[in-house]
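Assemble chain B onto chain A, guided by the hints.
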Amino acid sequence: MDKLRLRFEKTGRAVYISHLDLMHTLQRAFSRAGLELKYSEGFNPHPQISIALPLSVGMSSVCEILDFKLMTEADPAQLPVHLNAVMPEGIRVVECYEPVHKVSQLKYLEITGTFEYDARPVSEMKNTLETFFARESIVITKKTKRGEGPSDIRPAIRSIAFAEGKDAVLLRAVISAQEPTLNPTLLADALRQLSPATEPDFAQFERIENYLENMEIFR
Amino acid sequence: MDKRLERILPRVQKPARYTGGEYNQIIKEKSSVDLRVAFCFPDTYEIGMSNLGMSILYHTMNSLDYVWCERVFAPWGDMYDEMKRAGIPLYALESGDSLDAFDVLAFSVGYEMAYTTVLDMIDQAGLPLKSSERTALLPLVIVGGSAAVNAEPMTEFIDLFLIGEGEEMNNELLALLRTAKHEGWSKSEFLRRASRIGGVYVPSLYEVSYHRDGTIASFRAAEGAPERVLKRVVVDLDSAPYPTNPIVPSTEVVHDRVNLELFRGCVRGCRFCQAGYIYRPIRAKKPETLIRQGVEALQNTGHEDVTLLSLSTSDYRPLAGLCDGLLEYCESRSIGLSLPSLRADNFSMEIMEKLQKVRKSGLTFAVEGGSQRLRDAINKNVTEEDLLNTCAIAFAGGWNTVKLYYMLGLPTETDEDIIGIADMAGRIVHCWRENAKNKNRGVKITVSTSCFIPKPHSPFQWEAQISREEYLRRVSLLRASINSRNVIYNWHDADTSVVEAVLSRGDRRLGPVLEEVWRNGGRLEAWSDYFDFQRWMEALDHHGLSAEFYASRERRTDEILPWDVIDVGVRKEHLKREREKCFASELTPDCRHKCSACGALRLMEGGKCDG
Chain A
1357 MDKLRLRFEK TGRAVYISHL DLMHTLQRAF SRAGLELKYS EGFNPHPQIS
1407 IALPLSVGMS SVCEILDFKL MTEADPAQLP VHLNAVMPEG IRVVECYEPV
1457 HKVSQLKYLE ITGTFEYDAR PVSEMKNTLE TFFARESIVI TKKTKRGEGP
1507 SDIRPAIRSI AFAEGKDAVL LRAVISAQEP TLNPTLLADA LRQLSPATEP
1557 DFAQFERIEN YLENMEIFR
Chain B
7 MDKRLERILP RVQKPARYTG GEYNQIIKEK SSVDLRVAFC FPDTYEIGMS
57 NLGMSILYHT MNSLDYVWCE RVFAPWGDMY DEMKRAGIPL YALESGDSLD
107 AFDVLAFSVG YEMAYTTVLD MIDQAGLPLK SSERTALLPL VIVGGSAAVN
157 AEPMTEFIDL FLIGEGEEMN NELLALLRTA KHEGWSKSEF LRRASRIGGV
207 YVPSLYEVSY HRDGTIASFR AAEGAPERVL KRVVVDLDSA PYPTNPIVPS
257 TEVVHDRVNL ELFRGCVRGC RFCQAGYIYR PIRAKKPETL IRQGVEALQN
307 TGHEDVTLLS LSTSDYRPLA GLCDGLLEYC ESRSIGLSLP SLRADNFSME
357 IMEKLQKVRK SGLTFAVEGG SQRLRDAINK NVTEEDLLNT CAIAFAGGWN
407 TVKLYYMLGL PTETDEDIIG IADMAGRIVH CWRENAKNKN RGVKITVSTS
457 CFIPKPHSPF QWEAQISREE YLRRVSLLRA SINSRNVIYN WHDADTSVVE
507 AVLSRGDRRL GPVLEEVWRN GGRLEAWSDY FDFQRWMEAL DHHGLSAEFY
557 ASRERRTDEI LPWDVIDVGV RKEHLKRERE KCFASELTPD CRHKCSACGA
607 LRLMEGGKCD G
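Taken in order, these protein sequences are the chains called A and B.
Per this note's numbering, the very first residue in the first sequence carries number 1357; after that it's consecutive.
Per this note's numbering, the very first residue in the second sequence carries number 7; after that it's consecutive.
Mixed in with the good hints there might be a few duds.
[Claimed, not checked] Simulated crosslink set (DSS-like; lysine-lysine; CA at most 25 Å straight-line):
| hint | chain 1 | residue 1 | chain 2 | residue 2 |
| --- | --- | --- | --- | --- |
| 1 | B | K9 | A | K1522 |
| 2 | A | K1425 | A | K1458 |
| 3 | B | K600 | B | K614 |
| 4 | B | K20 | A | K1498 |
| 5 | A | K1501 | A | K1463 |
| 6 | B | K9 | A | K1482 |
| 7 | B | K292 | B | K600 |
| 8 | A | K1499 | B | K20 |
| 9 | A | K1501 | B | K90 |
| 10 | B | K90 | B | K136 |
| 11 | A | K1463 | A | K1425 |
| 12 | B | K450 | B | K409 |
No lab work stands behind these hints, which were simulated from the structure alone.
In isolation and in its complexed conformation, chain A is listed as follows (with noise of 0.2 Å):
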């Protein structure tokens, strides 16, 4: 059978499952689906399932990409389903399809965030924060591959806005999600580094939408 592609969430006490341990849980789930994955040719056989964006442990998200081949024919409304059945809690499927992009085609991730302050006002942080990323360059220390060198990360955020919460500032912004790849929390660690003060006692992301170079939703 040809490629199939999942969105799934991956909320509440999920968030703390690693990439690879998610990986193994989702090949359990299918398993216990009584969907067989096809497994790949040769010495070590593997089962042929891939997420698009590896997900860092903490951050939940809403639209979570699984690439993946049945042994069999399968109906792909019917598989959420039946994955769901035997999900745990916090991992849900919320669609099956045939690809239409290629995960090379994947640019821009929407994500929403919450900085929380357990000691300065929200109000004034959310100025400070708004003046903050209004800057053109955000040059931060990166650890790479290669050791620490310096990197912006401003071209790498395409729209950042902040708005005023209960106890937090909330964000929402457009960022780079693939060449360059820019994780979340380094929007935290921008802080820490550059603006000290305005550096959240917790700050916690989601992502929220997945879309191609043109903005166009990825599917």
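Relative to the frame of chain A, chain B by itself:
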């Protein structure tokens, strides 16, 4: 989820082990149950979630509609420190509720090095450590598991112990507790009545006095309490509860697989082996039951591996048929089937080929002693000839790694026996040269030794452990005797073995020692990261006790032993007889060849021992 927890979790290693929410976890409505049980495992999530006993009892307790049983594990050091700093108490995984919401703290304790973690978890639950300081009926703190066969070092802290298999006993106890809670009984009233349930040991109902030399002078039961507590067993394993819908961890655990238990007990009677005596009599499951349960569990979990558990897998009579039945399901689905603990003496080509079909793992043999004389003395019925024959078949079949386990310090061991270990490893290398199909891949023989620990309820329960210094001398001797570069030698350190030896045959006077070690930071001490030998020695010293008294002292056979109050079924006379036969290097045939009337059968009314 607790806000404070949300902030901590991204910072700790493997946070998924602290969240719960796994597939097949059991969630109930709090208001609809009468008793909430916190099933506590005094070690990490990865270890506890690999434990079949825990999985079975989680389900049997939850099968009662008035009980909600949840899991609690001990957090690793980083999480522990973060929780302390944030003021987060220990909590159960299913509901996330802290332990003060529970009626029962039930610990499963399988090894001595977990004792201080038990104390730590009682403390993290916000409870006084000592049973006598917890005056209310609830929460009740109870312990089961194989470490309870000598409960004495823990008696000060625990309200009652469950001796033996918990499938039926736990639920009888919970039924009584439910009544007690409804009717408002006092704790002492409840404990008195609980002591009449078979297998329940209430230590506060017994009074112990000591001679000047530290040995026990008397051990008296209060009115109504049994003189000796008889171990509980399940008579029919085929109808005993086995969860075919176990929890599937969302993160890696030690044994991430479906566990099928072939039988309980062991026919072999190796004299050093506590497990071989305390799990008697022998009761097997039918292969049909196992195949059905195995397939169901594989379907319900999606696991890629299934393993056959028992003390000696190759003694399971219908093993070949069972493997065939399981492989029929597993092979086409790329599910691996593994058999730990095969014996060298009846390891057949047939079984080996079956396993090879799916996945090939290394060969492991517990040889225990380096010479035939010593193996006869400990009744380990493995001959070098058997071992070499098995290896020859294995090498011809393509295997090229063999692990050999031995113990140093077994009763009657001489230097000659130790040199014999090196000789045997050398002959296995030679055997590989003669039989291997493909010599380019090389061969790896790993020899591991640990320091023998005499255990309660085994024929060696009266024996002295060798000292650390003597163990290290024997290690050096063996190291010097190994001269093949294909043989790798690993040895366990002796420090943990000394502490284990102290605790496993300890008495009630060790309570304050445990408490002091815990107060000085002792927890998770089965992990070398956290074990501190000096801390134990100092605590013993402070309380006027010595490791030598417990570990390296030979007991007189007429001495009252701290664990005599526990009757595991096998008679003391049988243990004495076996010990005598050891000194005479005399074998005892396995139970299948000749029943040696050990006494365990009296645990099963109307049951039949499968020996």
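Results of checking the hints against the structure:
no.	hint	result
1	B:K9 - A:K1522	holds, 15 Å
2	A:K1425 - A:K1458	holds, 15 Å
3	B:K600 - B:K614	holds, 15 Å
4	B:K20 - A:K1498	holds, 23 Å
5	A:K1501 - A:K1463	holds, 22 Å
6	B:K9 - A:K1482	holds, 22 Å
7	B:K292 - B:K600	holds, 23 Å
8	A:K1499 - B:K20	holds, 21 Å
9	A:K1501 - B:K90	violated, 35 Å
10	B:K90 - B:K136	holds, 22 Å
11	A:K1463 - A:K1425	holds, 24 Å
12	B:K450 - B:K409	holds, 8 Å
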